[in-house]
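Going letter by letter, the sequence shown gives residues 0 to 211 in numbering that gives the first Met the number 0.
Rather than coming from a laboratory, the hints here were simulated on the basis of the structure. Because the structure is a prediction, the values reported are computed rather than measured. Hints may be right or wrong, so weigh each one.
[Claimed, not checked] No more than 30 Å apart at the CA atoms, straight line, and that leaves these computed lysine-lysine pairs for BS3-like:
(1) Lys98 with Lys72
(2) Lys37 with Lys1
(3) Lys72 with Lys1
(4) Lys98 with Lys57
(5) Lys1 with Lys98
(6) Lys21 with Lys1
(7) Lys72 with Lys58
(8) Lys60 with Lys127
(9) Lys53 with Lys98
[What the hints assert, rightly or not] The calculated label-pair distances, taken between Cβ atoms and stated as ranges, are:
(10) Ser175 with Val51: 18 to 28 Å
(11) Met0 with Asp54: 43 to 53 Å
(12) Leu34 with Asn78: 16 to 26 Å
(13) Val174 with Tyr26: 31 to 41 Å
(14) Gly42 with Val174: 11 to 21 Å
(15) Ala187 with Lys1: 18 to 28 Å
(16) Asn197 with Lys44: 19 to 29 Å
(17) Asn78 with Asp54: 16 to 26 Å
(18) Asn197 with Glu3: 23 to 33 Å
Backbone N, C-alpha and C define an ideal beta-carbon position, used for all residues, glycine too.
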Amino acid sequence: MKNEIVVIGGGEFAHLIIDVIKRIDQYEILGYTDLINKGSILGTKYLGTDEVLKDLLKKHKNCRAVIGVGLIKVSNVRNGIYEMLKELGFELLTVISNKAIIQEDVTIGEGTFVLDNALINAGTTIGKGCIIGPGSIVEHHCTVGDFVTFATGSIFAAGSTIGNNSILSIGAIVVSHKTICSNCFIGAGSVAINNISNEGTYYGVPARKIIP
């Protein structure tokens with residue numbers, strides 16, 4: 000019997016996550032919750048709003064949850080959903096695509112997603128609730144905080160550290176042995192060649208703060 004899960008959210012990111020989970024073929028997706036009925040998503044039915052989750056867990060005591068909500072800007076949305084699910088008693092599923100590469104001595108936190116063609120090299124620690132996007136690279140001996148998003152094709156070079164809730168947008172790069180603080184957004188194609196100690200939005204080569 001496959002392990003049961005429920006997906007929180009019915010948008011585009013949920014569609015992506017459902018596809019990855021179905022390919023892993025280890026889980027039965029009971030359905031998804033959302034404020035709006037988006038219809039069937041890759042054969043996954045709508046269950047209702049998050050109000051149904053408490054009763055769902057009573058009926059399916061071993062059901063785990065997946066946060067199917069992505070981010071394009073720094074936000075505490077995923078954090079809030081995580082805390083709500085934990086208060087209800089859910090365990091969150093860590094999803095690793097069968098097309099991702101995870102080397103030895105890597106630690107990945109609860110509720111994190113590692114998507115297609117992502118690479119996480121040896122000695123790296125990834126926090127909870129993170130998104131390691133398609134084709135992104137997290138090099139060896141890095142430390143990644145909680146609820147961090149690495150978008151498609153981003154590169155986080157060896158020995159670097161990034162704080163909670165930060166985002167590397169599409170193709171962004173942080174060079175080796177740098178520290179990026181929490182609540183930072185590094186824009187698409189930008190290259191961080193220095194430590195960043197002040198939260199905000201950074202763009203350019205080298206990356207410079209443009210929005211407080």
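We went through each hint and held it up to the structure:
{"no.": "1", "hint": "Lys98 with Lys72", "result": "holds (26 Å)"}
{"no.": "2", "hint": "Lys37 with Lys1", "result": "holds (25 Å)"}
{"no.": "3", "hint": "Lys72 with Lys1", "result": "violated (35 Å)"}
{"no.": "4", "hint": "Lys98 with Lys57", "result": "violated (34 Å)"}
{"no.": "5", "hint": "Lys1 with Lys98", "result": "holds (20 Å)"}
{"no.": "6", "hint": "Lys21 with Lys1", "result": "holds (11 Å)"}
{"no.": "7", "hint": "Lys72 with Lys58", "result": "violated (36 Å)"}
{"no.": "8", "hint": "Lys60 with Lys127", "result": "holds (22 Å)"}
{"no.": "9", "hint": "Lys53 with Lys98", "result": "violated (33 Å)"}
{"no.": "10", "hint": "Ser175 with Val51: 18 to 28 Å", "result": "violated (46 Å)"}
{"no.": "11", "hint": "Met0 with Asp54: 43 to 53 Å", "result": "violated (21 Å)"}
{"no.": "12", "hint": "Leu34 with Asn78: 16 to 26 Å", "result": "holds (18 Å)"}
{"no.": "13", "hint": "Val174 with Tyr26: 31 to 41 Å", "result": "holds (38 Å)"}
{"no.": "14", "hint": "Gly42 with Val174: 11 to 21 Å", "result": "violated (43 Å)"}
{"no.": "15", "hint": "Ala187 with Lys1: 18 to 28 Å", "result": "violated (38 Å)"}
{"no.": "16", "hint": "Asn197 with Lys44: 19 to 29 Å", "result": "violated (45 Å)"}
{"no.": "17", "hint": "Asn78 with Asp54: 16 to 26 Å", "result": "holds (24 Å)"}
{"no.": "18", "hint": "Asn197 with Glu3: 23 to 33 Å", "result": "violated (44 Å)"}
Hints 3, 4, 7, 9, 10, 11, 14, 15, 16, 18, counting from the list given before, are not met by this structure.
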